[in-house]
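Enquirer: Listed in order, the protein sequences are those of chains A and B.
Residue numbering for the first sequence follows UniProt numbering, starting at 1 and increasing by one per position.
Residue numbering for the second sequence follows UniProt numbering, starting at 1 and increasing by one per position.
No wet-lab data here; the hints were simulated from the structure.
It is possible that some hints are incorrect.
Note that the list lumps identical chains together, so a pair holds whenever it fits in one copy or between two copies.
[Said to hold, decoys possible] Only pairs whose alpha carbons sit at most 30 Å apart, straight line, appear in this in silico DSBU-like list of lysine-lysine: (1) K25 with K60; (2) K160 with K115; (3) K246 with K35; (4) K74 with K160; (5) K60 with K261; (6) K262 with K25; (7) K115 with K32; (8) K115 with K25; (9) K261 with K31; (10) K261 with K35; (11) K18 with K32.
Since this is a predicted model, take the numbers as computed values, not measurements.
Spelled out from the first residue to the last, the chains are:
2 protein chains.
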Amino acid sequence: QVTGPSGEGTDAVVILEKTPFQEEKVSDLLKKHTKLELQMRNDIYSTYHLYPPPELSEIKTTVVYPATEKHLQKYLHQEVHLIRETWEDYKTITLPFIQSQSFSVQWVYNILEKKAEADRIIYENPDPCNGFVLVPDLKWNQNQLDDLYLIALVHRREVKSLRDLTAEHLPLLRSILEEGKEAVAKRFGVPGSQLRIYLHYQPSYYHLHVHFTALSYDAPGSSVERAHLLTDVIDNLALDSTYYQKRALTFALRADELLLKKFQEAGRV
Amino acid sequence: QVTGPSGEGTDAVVILEKTPFQEEKVSDLLKKHTKLELQMRNDIYSTYHLYPPPELSEIKTTVVYPATEKHLQKYLHQEVHLIRETWEDYKTITLPFIQSQSFSVQWVYNILEKKAEADRIIYENPDPCNGFVLVPDLKWNQNQLDDLYLIALVHRREVKSLRDLTAEHLPLLRSILEEGKEAVAKRFGVPGSQLRIYLHYQPSYYHLHVHFTALSYDAPGSSVERAHLLTDVIDNLALDSTYYQKRALTFALRADELLLKKFQEAGRV
């Protein structure tokens, strides 16, 4: 990610992304005017630098112009810090922060009430207590299964995150796990054993939701410092109803996030 | 990854990898003979295809030639399946499998006994029970901190994996966590809050070891279906000494892995 100044003293954000190889162009890459430079040879192994012709090495470029200070901040390299949040921290730092921000989840309610994206719903269990709606995530264009990404949004509105879950929520979580897998298998032909099904902590919005991604897809947010497998959550709650009101939880915060400031003010970082 | 036949009926494996942008070459990329093709414009946002000159879009190429059937299998696209291993599964399927394979960890013993890589040791706690050796992982070339990757190998030899851990191992695990963080901060200047410290399950070798990677590095094997944060492991054992002899654990297996066949034979997949 690159931020460069434009003329006239106005900033622009320029984002450069290398795109995946296209299978049908690989044979071209290996023969067509391609310069190959030997780097190392050892027994049956050798490595080269390959310099492809421009038409075979497209870079996806996104420009934001004119860019505001907020745009610049968003894309500037930021240090990331791990937080180890105890239950005490949650109650005294995180929860008051969430409440003070009063993040709107109106867009979630619009989906649940069929006021928006109604045609995108893949599956619904309409039960007000144990039900949910399954929709494709906006990051997934549905053109291929490689980066399959769906979200289950629960109908209940008072569950903010993992921290609120107790054994009381087991029927809800089990219905998401079982019915969600079944719905994805039926609609997209992807079996449950090839799905990564998990919650985020911290989530990006405080209305309980569960991520379904293709196991072979290295989905953003699927790493161990943010993702919690739904099967693990279910087992932990079955072993101990107050597991998530006891256990410290780890997550990463960017240097510019307000919640990090709250932890710093409390002397916890 | 591409597998293509060579002449003379002998196979070769050709691996193509796009490399990260080099910061100092980005400005060249934006001016030098670069073809830019507008794709979409909406308000302040626009996207382009950028076609860079060959010298700015190097592809790392690795060739294995001649390649055996085993090489081909390793790189061919394989389906991946999630396994949910109960403690019962571990005892009746996984453990007998590990024992029957008698994987050699001689290379680990060589490091612990200073017979190999002695000059690479970053830190050592020599205690035979709670001690360990910290070494850079072979995947890390130590040229930059962005992909920092170290491994802590414990001196004790009877602990195969996460499944063997009980509260008895807490002093060992805590020494790895605390002393490991301190050693990385001292040697590389990276603070503990910017390290992802975790175990793999399944591990790739059955001698207990802990991974230290840069938090900002999307390290292979750091996703939720394989990685277990050391802090979480410690907290789980402190809550319940037999946590890892109770809880089902999830991991992914490739279609060609023998262990998957064992789970299939047992009717567990």
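Enquirer: Indicate, hint by hint, whether the structure satisfies it.
Expert: Comparing the hints with the structure gives:
1. K25 with K60: So K25 and K60 pass the 30 Å test inside a copy (17 Å) and across (17 Å) alike.
2. K160 with K115: within (22 Å within a copy, 54 Å between copies)
3. K246 with K35: neither (59 Å within a copy, 56 Å between copies)
4. K74 with K160: Classified as within; 25 Å inside a copy, 43 Å across copies.
5. K60 with K261: Neither way: K60 and K261 sit 34 Å apart in one copy and 41 Å across, limit 30 Å.
6. K262 with K25: For K262 and K25, the Cα distance exceeds 30 Å both inside one copy (50 Å) and across copies (38 Å).
7. K115 with K32: neither (51 Å within a copy, 48 Å between copies)
8. K115 with K25: neither (42 Å within a copy, 47 Å between copies)
9. K261 with K31: neither (54 Å within a copy, 39 Å between copies)
10. K261 with K35: Intra 51 Å, inter 43 Å, cutoff 30 Å: neither.
11. K18 with K32: Both. Shortest intra-copy (20 Å) and inter-copy (18 Å) distances satisfy the 30 Å Cα cut-off.
The structure fails hints 3, 5, 6, 7, 8, 9, 10 (numbered hints given earlier, in ascending order).
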